[in-house]
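Protein chains: 2
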Amino acid sequence: MESLFDGLPAEEASARNGYARNTIDRRSEKRGADSLATALADPSARLYLFRGDKALLRGTNPLFSHREATALGELADMILLGWSESGPRLAAALADATPIDEALIRPIDLRSLAVEGAVGPEHLGALAQARALTNWHIRHRFCSVCGQPTTMTMGGYRRDCPACKAEHFPRTDPVVIMLAIHGKGAEERCLLGRQARFIPGMYSCLAGFLEPGETIEDAVRRETFEEAGIRVGRVRYHASQPWPFPASLMIGCHAEALNRDIIRDEAELEDCRWFTRAEARQMLAGTHPEGIKSPPPIAIANSILSAWAGMGGGAAG
Amino acid sequence: MESLFDGLPAEEASARNGYARNTIDRRSEKRGADSLATALADPSARLYLFRGDKALLRGTNPLFSHREATALGELADMILLGWSESGPRLAAALADATPIDEALIRPIDLRSLAVEGAVGPEHLGALAQARALTNWHIRHRFCSVCGQPTTMTMGGYRRDCPACKAEHFPRTDPVVIMLAIHGKGAEERCLLGRQARFIPGMYSCLAGFLEPGETIEDAVRRETFEEAGIRVGRVRYHASQPWPFPASLMIGCHAEALNRDIIRDEAELEDCRWFTRAEARQMLAGTHPEGIKSPPPIAIANSILSAWAGMGGGAAG
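Each protein sequence line maps, in turn, to chains D and Z.
With the first letter of the first sequence counted as 1, position 60 gets the number 43 in this note's numbering; the numbers rise by one all the way through.
With the first letter of the second sequence counted as 1, position 85 gets the number 68 in this note's numbering; the numbers rise by one all the way through.
Don't read these hints as lab results, they were simulated from the structure.
Note that identical chains are pooled: a pair holds if it fits in a single copy or bridges any two copies.
Derived pair list, reagent style EDC-like, types lysine to aspartate or glutamate, alpha-carbon separation capped at 20 Å:
hint, residue 1, residue 2
1, K13, D254
2, K148, D36
3, K276, D254
4, K13, E253
Sequences and hints are given; from them, build the entire structure.
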């Protein structure tokens, strides 16, 4: 191997996930108290709008001028996302009760929007960024240190407490999501689980929030053991994904399973099974004889499963 | 390659970082409202204690029985970390003003504690977990949604708002930390920067908080460009580390630099330079002729730099 990068696939796995490929230039090091007003004054500024959990679309267009946005209702929590090639990009939320003429404007949740391909792929990452931040502001009107009202600054990337002077920053919650793999050759199997809330027939990777004081690898081992009773040895990072429900960072891994006797966490999982590579391919292709489905391509679990299923005769992709 | 795991080093890079190797069994799926009281009633229960930012030690022992702990002062924010082989492990904070007989008990910050090796390595991960959580509770007495006081539950892994019913979970902040590498063979160089707050002579990897709506790889590219004007192509995950100042998850990567002309962010970095592999080895060994130092082994930057410097004639470690 000539360099540390020679082993990497030509196309970055993370870039293929839903909500990735965010092309907004954040210029985070230049954010200041007046960045937002300056950007908004630019005639090329455009806003992504939300009402509650839903983004607003006109046809396939998620962007509104400031004038168009204010005509719809009062804008709370305006945020400067950054700059696209066409100018500043911002986000704002309308109050939940704001009436909308749904003949002209369609409110849509970000999951449906991604699965349907309702907007151009260049908007998905920006909408994920916008949704994580607007949700954070809605849930952080008050200072968690002293209980007093806070105010937004730094283009929406900080909230300050005038009373106790605490500064609060947006949070991103790391989640580990992993495919445990056991055995070799004809005996090789992958571990997938099913939560009761999933659509019928869908099985996915196990996943859980990383906790304070653990490495990614330790979190993968802990969650796999807690949910399925499977011990994990080596862990290999695969890809990451912003997941705006509301603000997770999905960290996708393959995990070397050390045993095959599943002890399912019944509160968490409705079922948990080992699958062959042939079955994984059928699930991904929608041809599994039992109608078992993989998660859709927007989900990182699809990418984690595909990377294993696509290995052919055992050669790493 | 026979399996996805064959390319991984025998010893996991993450496990070599400071505060890693946390052997506490968290049993997170079994946490309930009464877990803490049950664990504390176990005569083998032991507590890690903090006063402000500092852990309390008796000699090299960071553990106190419940009786010993309450004799020192009122315990706030008691948390159930989980179980060691010797019994339940908890953490608690004494009020900042609590007097301590420093002839018997030594308060020490977690950085000094790790650098000095002041406690056995089996305690470092548990102390990081404890510190992240005690700090989170201190900063979350009030509900960020409605401003009312919150109460701790689930062994310290949740705070509930009796007024608006919001549930709040501990946060862990993902940080990307990366070594950009440019060129091949004799021209290969790595990029290190120096912040004014560093100890004299120390250079380290660039780093920054991952923001909502970006992948790990995108965050590596954004931070490297913002801090040093260097464009990054491919990104390779190296290792992760819990970093309890107060609750970060360090995500360490190697980054393929596409240009060599540095444009330093002067607000962030006092200096930023390219180093040869020979220099990197000297820095790690403490023999650099200009007295330039690498970060200490407890920091993931040391591991990221070592992995590159240790490649010898270009072979990946």
